[in-house]
Every structure is written in C-alpha cells, then in structure tokens.
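S.K.: In case you want the letters, here they are:
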Amino acid sequence: MTISRSPVELLEQIEELSGQTVSDCYQCGCCTSGCPIGEAMDPPPSKAIRLLQLGKASELLDSDGIWMCASCLVCGTRCPRAVDYARIAEACRVLVLRSKQSRVDPDTVTVPELEEIPQQAFIAAFRKSSV
Amino acid sequence: MTRYTYYPGCTLYTKARNLDLCARKAAEKVGFELVEMPSWNCCGAIYNAASDDLAAQVGPLRNLAKASQLGDKLVTLCAACHNVLKRVADRLSQPGNEVERDRLVAFVDEKFDRPVRVLHYLEVLKNEIGWDKVKEKVTKPLAGLKVASYYGCLMVRPKDVLEFDDPENPQVMDDLMRVLGAVPTRFDFKAECCGGYLVVNRRDVAKSASKKILDNAKAWGAEAIVTTCPLCQYNLDKLRVTTDGSIPVFYFTQLLGVAVGLTQDELGLEHNAGDPAGFLKAKGLL
Amino acid sequence: MTQDASRLTSDAGNTHAEAPGVDPRAPSVRRVGVFVCHCGINIAGVVKIPEVLERVGKLPGVVVTKDYKYCCSDPGQQMIRDSIKDDRLDRVVVACCSPTLHETTFRNACDEAGLNPYLCEIANIREQCAWVTEDKDEATTKACGIVRTTLTKVVHDQPLEALTVPINKRALVVGAGIAGIQAALDIANAGYEVVLVEKEPSIGGHMAQLSETFPTLDCSQCILTPRTVETGRHPKIKLMTYSEIDSVAGYVGNFKVKIRQKARYVDFKTCTGCGACLEKCPGRTEAWFERGLVRGKAIYRLLPQAVPNRPVIDAKSCLYLTKGKCGVCAKVCPTGAIRYDDTDKFVEEEVGAIVLATGYELFDATKLGSYGFGLVPDVIDGLAFERLLSASGPTSGEVKRPSDGKTPKKIVFVQCAGSRDSTTGMPYCSKICCMYTAKQAILYRHRVHDGEAVICYIDVRTPGKGFEEFYKRATDDGIKYLRGKVSKIYRQGDKVVVWAADTLAGRKVELEADMVVLATAVIANPDGVALARKLKTQIDSHGFMTEAHPKLRPVETLTAGFFLAGCGQGPKDIPETVAQASAAAAKVLAMFGNTRLTHSPTTAEVDEEICVGCGYCERTCAYDAVKVDPARKKAVVNAALCEGCGACAVACPSGAMTHKNFTKKAIFEMADSF
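Residue numbers (numbering that gives the first Met the number 0), protein chains in the order written: chain A, 0 to 130; chain B, 0 to 285; chain C, 0 to 673.
Looking at chain A on its own, in the form it has when it is part of the complex:
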C-alpha cells in the first residue's frame, strides 16, 4: 500500500495496519510518562496520537519520533484505554518504508560497531528502519 494523499485515507491505513482506533485515546499522557525513550522522542506517544486525531498523519510520518520507538510495549500495557502506540508507530514506519524511504542506512555502520554489537540488534534495527 502506498501512502495515501488523503488525510482520511491515510488515517484509515494507519488504523488498519496497527489494528488500533485512535479515537479511543483520551489523551491522558500515560504512554508518554511511561516511555523509556520519552524524553528524547519527538513527538512523544500521546502527542503523536493527537496528531493523528487531528488529521495530521502526514506530519507524524515526517517526524523523528516514530523511529525512536524501541517496541518495548510499556505504553500499550499501561494505557487505560488499551491503545497500543507501539503498533501505531510501527504502522507509520511501515508506510514510510514501503514508499522506499530508508531511515537508517546499513552502510553507515562502522566495522568496530559491527564487531561489537550483538547481531540481533542490527537485524532488528534494520527491519524496523530500513527498506
């Protein structure tokens, strides 16, 4: 699926891929307060969902924040409305990746890093962030 130009359709794509309904969110902010990356993520989870609620999905797809999610699932586990932001971020990333835009270029990894970091980290990182 390609990223739709229509904001309504784009939100539908995101909801279908993530299996979440953004109108369930009442913006309590628990996802943001519990996110281990919360301080560095822009926009943080609750603000990201707010963008979707306001029809600004394309702004979210352009942001840095969705690439910062580590898929740790704390947000969805503690959400009082059981909204899983991790899956929403994944849906956004997947839409960008499928339009052939890589976020992380595997060629930028240095040899020492390659030798040191566990390979599962590379596999996971590239699966989440590269085409």
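Fair warning: there could be bad hints in the mix.
Unchecked claim - Capping the alpha-carbon separation at 20 Å, the derived lysine to any residue pairs in SDA-like fashion look like this:
| no. | chain 1 | residue 1 | chain 2 | residue 2 |
| --- | --- | --- | --- | --- |
| 1 | C | K664 | C | A650 |
| 2 | C | K494 | B | R185 |
| 3 | B | K237 | A | I122 |
| 4 | B | K206 | A | K99 |
| 5 | B | K217 | C | V375 |
| 6 | C | K430 | A | Y25 |
| 7 | C | K405 | C | L374 |
| 8 | B | K206 | A | G64 |
| 9 | A | K99 | B | R185 |
Keep in mind the hints are simulated off the structure, nothing from the lab.
Take the given structure of chain A and dock chains B and C to it, following the hints.
M.R.: Just chains B and C now, kept in the frame of chain A:
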C-alpha cells in the same frame, strides 16, 4: 534425562556464546538436555506488528514448523527469540487466522500440523524441573550475593501472549536467584526497556535508558545484575554508561553455572565486560 | 405487557362495573375499542395508521377504532374515556409505546370511565416495531399483528381487583454513614421508628475519617458530630452498631429482618466509655480506620467522638480470646464491663421499608502494579492522607511521611489512580477525587508553608457549587497542576520518583517527591455488594446498587420497599449524598402516608382440584411466593409476594398453576393469532 528441542538464535552462537555455553552445561547438571534443532534460521530478532506483514512471519514459522515435527516443546534462551517465536505461534493459532496460517505454511517445506509450545529456559527450570530439584543440584550456593534480576521488556510483554509473569513485578528470575543462594534485591526497573536495537543508530538513547536501570539497581544495593538477552546484556554491560563504577552484568545461566559447579572455562566469562572472574573470585564463588 | 409491582398507587377507591348486558364467558361477544397512537412521528412516521385502523377494524370483537396524535395527553385520554361510555366498550386496546411508560396512564383512564383497569391492554407498536425498521409496509404489517395478538389477549382478560396489604410504618436503614444517618433522622423526625444498623462499632462512616470537607473547608467532625449525637439520642431511632443484616423475608410493607449483633465482648450498658482499657491493651491489629498508618489495639474505639462511645474487642487480635493470656482490660475496667464470654446474638425486627446506604470503599492500589503502593511506604491513598491531616489522626494533624516521620517538602498527588481505566475494571470516573485532591493540596500547604504540591491529572472536574472557584483557589496558592497520567512510581534513595507527563507542553516529566498521595478509585463497599446479592436487590457490573430509573427514580430500586442512598449507588460527594438520603426518606414517608399498599393482582393462581403438591412451582419461584402446604399437599400462593412473572405456571406439569389474565388458552391463541 529429558531432552528438549532447543533454538539458540543467531547471537548465542557468537557474541553471546557465554549465554549459550553455560546454559547447555548447566542444563546437564540440573538434569535435562538441550538438543539443538537442525538447520534453524534467524527468527527475525523482533516481532513485526503490522497487521498485513505476512512475509516477516515466515522465518519464525519455519522454525516452529520444524520444531513441531521434533516434539511438542521448543526451548529458547534469548528473550528476543522467545518473544518473536511465541508471538508468531500465538498469532497462527488464533481462531480466525486460519487463512493467513495456511498461506504462510504453504511457503515452507516443513509440515506444521502439530502444536508446539515455545518455552523459555526459566520456564523449564520452574515448571518442568521444579525449584526443589534445581536446589538439589546446587553445589556452590552463591553466598548471599545481592543480585538485581533484569528481565527486559521482551521477556514479559505483551502480557496476554507471553503469559510469562507479572509485567510490573516479575518474580521468576528472582526465584531462581533465591534457589541458587543469592539474594534478589529490590529493583524497580526489572522490565523497563534498555533501549534495545536503538543502540545501532541512537546510542545516546540506549545509554540513557540503560543508565537509569543501572542506577536503580545500585541504589538498592545490587552487587551484580543478571539478564537473559544478549542485547540487554550489551547495553547494560558494554556501553559503559556509568562513570562511578559499573557492576558486573551476568547472564542468569552464568550464575546458574557457578552454583551447579561449572568450571571457569565453561562459564564464558571472557565475553563479559570488566573482570567478572575477579569479581566472583573475590566473593569466594570461583 | 409488563407489570411494575413497585409502582405503588394511592388507595383511591377501585370501582369497576362490567359494561351492562355482556356475558363475561363469551369472548366472541366482546365490545373492544382499539385506540392507535401516532406518538408524534415516532409511530406515524413509519406505521401507516389509516391502514392499521382499517385492517384492525375488521377483526372480530372490535366495535370502534380511533387514532390520535398523543394518546397519553389529556385530550387523548378523554377520547378513550368518552368512547368507553359512548360505545359501551368492555375491553380496550391502546396501540402505542411501551407499557412501562403509559400502561398505568391508560389503565387509570379506563378506571375513571368505570371500566376495570385490568381489561385494558397495551399493544406496543413503537419500541420493537416503528423504531426498528424504516420499511413502512413491514412496520404496518407487524403493527397489525401486534394489535391482533393483544386483542386476542384482552378478550380473555377478566376483571381483577388490586389487592391491598397493610404497612408496618417502621423503617430499616442499613449503614450509618452520613447517608444512613440523614435518612434515619428524616424518617424519625417525621414521627416513625427507625432501626439503624451499622457494621462498625460506631457511626459516621468515611466522613468521620476526613479532616476538612470541600469546598468550604468545614471540619468534617464539626459538621458530622451534631448529626451523630442527634442520632444516638433520638427517641425514635433504634441504633444497632457492630451489627449486620443476616436475612430479610417478606415483602414491601411487611419485612421481617434478622439482624446479627456481633459479639462486642463489652457490655454497652455497664461501660461508661472512660477509655482505661484502651490505654493498657497490648494486642495489635491492622487499624483500618487509620488506613494502615499505625497499628491499632485489640480493644478499640474508632475515634474519640464515637457514637456510641463504647469500645469493642477485635477477637482475632485479642490475646485473651486467642491465647488465654493478658486480660488487662478486664482488670482495669472500673465498672466490670468486659465480657469475654460474649457471643453473636440475633435480633428480629419487623419493618415496612428498607433504605440501603452501605457506602463505598477505596480500591486497593496494590493492584496498580506500577504505582508502588504497598511497596513504598511513602505512597499512600487519599483516605490515609486525610488521617495524616486529621487532628485526631495518628500524627495529630501534622503532615509527616510514614517512612521516617519527616515533614515532606514536596508531595505529588496522583489523580485517576485506577479510575477511568477499562483495564482495571473501573472505566468510570470516581467523581470526588479532583475536588478532594485540590483540597488536600491546599490543606497540605496550610500546614507546611514552604511545601510544594504537584497534582498530576487528566482532567479537573468541578461540577458543584463553588467547586470551580475552589480549584482556582488551589492554583492561586501556587499548587502546580501537571496534565498527564502517571505511569510509574518507585523509590530511589530517599526520594519517591514519579514518571509523569506534561501533555500540554508535549513532553515526559520525571518528578522527585518526598511523598505521593494516590487518589484511588471509589468502589462499592464489598460488604454492601455481598448484602445486595443476599437480598437479591440489583447491582451493576461494578457492584454499585442500581436505581429503578437513572433519571427519574434515583432513590428507588426495582424491588418494592427497598430504597437507596449514598455512595452505595455510585460515587458522590457529601452534598449529593445528603440530598439523596433525604430523597430516600421522602419516598419512605410517602409510602407511610398511606393506610394500605396496593399490589398488582395479575398473580399466580392454583386450581386445587388438579394440584398434587409436586413442588415444582415452589422450586421455580424467585420470590418465595408459593409454598406447598405439607398437610394438604397443595400449592399455596402468597399473592402479596407474587410478582406475576409466570415461571411457576410454566413449570407446573399438570397445568394446575395458572396466571391471572395470562392463561394458557389465551397465550396459545395469542401465538396462533400473530
């Protein structure tokens, strides 16, 4: 001795040799055998959550299919592999997913006509062997070593699929430490994320997440941390996040190995950062 | 065709003459009037009224058909009354909305025109007909079918007399928090006797635990104690504390209640309340009144101003009662009031009305795994903080933190701890927390002038009089409101760390506090829930007692004779509780204002010639209304208890049990007619 089909995963053979090696040897001492499944492939390292992402399920599916022909249980050791395999197995077995399942199964040569349960090594110890039997095999109790048990996020979430333990305050690894004669310390970051794969392109974020975990462990008096995932181990141990003296980060199988009397060579301590051997010797455990 | 037996009509005279010259045993010679209501466009917008009138007019027995825009209006009812007289009707069918709304209206109209009200039946052509389809033909055909079926029933109906039962003009109030106290006082001041049962040793409920109340900052004890004292001294109130309801039998106006008076081990008559025993007791118990901040003694009084001012012994923590040691209270008691050999006693009371005011509890926050409650001593709940603020509390009103007794310089208040959360099973808002948290922050800063208060919230709800102004008072005082639900609370070193968020600025915030107060969710008192189950009164999925109608009948239940007041029905603050309690009392007094109560006569009936006393009916009845007389081996129906559900008539294998105006013959013909 009971034999279990075993899935090591990519990292356990190389960078996390120290997790795998002593896991197998300790298993023998405790009374079960891990039999590596033939020609397994990478599990994918992380579960793909997009609802239409079927291709990503094929890799894990193939492992499950192979394992299902060898027995009804599949034991994993790495928290990440466990997470992926168990979630894929759950997804395939959900009522209503038969069409998806059949399409995926058509992609692999192996038959997947029998159910297979994905178990973590800790579950084997607790539910299959039993803490009492494990305790019998302890020859060198850990002399009250204060240990913080770090489970990491992938071990306990999503709760309803993994059914592993209470995500806010899991106890299984703490129970094991107690059985081995160590003292599990209070620890508020048992299942908070270490940053995971973000270490590849956002090292700073992984460092700050890991630092919080280490700070809390030390604040509660932990002398060491145990983990079950090579990536968590890397982030906590090798990122060098704290300036005021790191504490050693072991795999739980290494401490298990010490307690059941493995030799120093069998523990793979050279793969840990710092001087873990010296630390253990100083504690009279080696 | 429902009967709402809890609708109590006044005892206006019931005269109902059959239309003259009609043989009641011959359905074919009935004279039925069918009145079709448009209900504005509700029915007429979908159902083709002229067609219904035409088709129904041809049915046997129908002598007149009329339609009107709003039959329930005065002119509508007048049309029916006039037709009964002018067309000499002996049966009436009104095709309109649900009988739960206007069956009484139309039956009363018939009654006024001299037709027995039970010869009037409602054909509901709205709720399951006009309101469920847009297809006019479909709706019209179904409407005709419904009317036809109702017509079949009404020609079989026999005139019935509503029965009347006497009323025992005494009331029972269960629970003596502010709701129970208010209801009891209102009923007693009207001159009727009230039995007030409270499970704790003294009255006042949770209000007795509070320090000051919002928005006036009245001292809670100061406004409560005049009521409790009045209750204790009232000549018409029989106060039974440390007692619980064991069972309730009977029916509205005539309840027999069995009350268990728990063993106190103290003779309330001999005891003077001097308190000597309290000083010496070495036994320790979890003091629930102090919310776990201190351990209480085995012989205890809830508070110094307790009514009645008599201690009781908690048998589980008393050294003498468990191990035979100590006994110091008996030794120091100047009047010899200690009774170690005390036992539970049962008391029977007869009353006509019961008010349930069992109150609330706070959700156990240990179940909120990430909040550290129960693990971190300086994380406490709202009621515990009230005890810290209370002059009669464990710290004499000084704010000290539980772990080391130091004065906290920064407190974080966490709202919505468990409430508004579908994952904890409490998706509702607990209503009082926004206000009491603002109050607690204001009171904290009154005591600790350099203290910093941060309130983490999702919304601030201030729906009452003076509430919004009170919230402004809090913010004017420098109390910081941070919008974001807290995700995690833990202790690190000397501080309590709170992971919060500022969603208005769009970022995560980490706070370090000395103490954290959780505004935990309000839940129904579990003892109240257990009692409701025992009494078979209705509770919702959260355990709160269900009112008869959420808008128009907030203090009644669907079980005749049972009324509701206070937080047992749903979270609410003190002004609302008092208002609801007085409303419940008013309903009781309205009942007592009659000489007798009427009860619907569409009850079960036994044909004794056929009945063999097999007992199937007795086993089926949910109301204990039918019992087999063992001597005669015949089923006997107590019509006053019978709610006319029909289950016994269905269960009866021989057909001996019938249901007045719901005979088998009528029902089978109705089924065939549709």
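S.K.: Honestly, which of those hints from before does the structure not fit?
M.R.: 4 and 9
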